[in-house]
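Trainee: With these hints in hand, go ahead and build the complete structure from the sequences.
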Amino acid sequence: MPSFKNPTFQDRVGQAADARQKALEQLRKRPPRDEKIVAERVAAAQRRDTAKAERAVAKQAAEAEAASARAAEAAANAPATEAEKKAARDARYAARKKRR
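The sequence shown begins at 0 in numbering that gives the first Met the number 0 and counts up one residue at a time.
Since the hints were made in silico from the structure, they are not lab data.
No false leads were slipped in.
Here are the simulated EDC-like pairs of lysine to aspartate or glutamate, each with C-alpha atoms no more than 20 Å apart in a straight line:
| id | residue 1 | residue 2 |
| --- | --- | --- |
| 1 | K51 | E62 |
| 2 | K51 | E39 |
| 3 | K28 | D17 |
Taking CB as the label site, the calculated pair distances span:
| id | residue 1 | residue 2 | range |
| --- | --- | --- | --- |
| 4 | S67 | R98 | 39 to 45 Å |
| 5 | A50 | A70 | 28 to 34 Å |
| 6 | A18 | A42 | 33 to 39 Å |
We treat Cβ as the ideally placed atom computed from N, Cα and C, and that holds for glycine.
Mentor: Here you go:
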């Protein structure tokens, strides 16, 4: 069994150049782009983008509706004004007097 031969710098440079050349040859061997397929891919990407934009708009509308609902609920559950508190207190007082 032969012993390990430590490659020199020139060997490594040569191997790198060979690998680069092999990669370029593989790239050149690839079939050319089919314009029909490229156009289909672009159209599909555009459809995805428009669908995504529509979903985003719908989500924003739903969030705005939820926020307005929360605001309406908060307004309904807001603490009563002084006049409302006084009216409720007077009603309780009148009910208590009526029971006696």
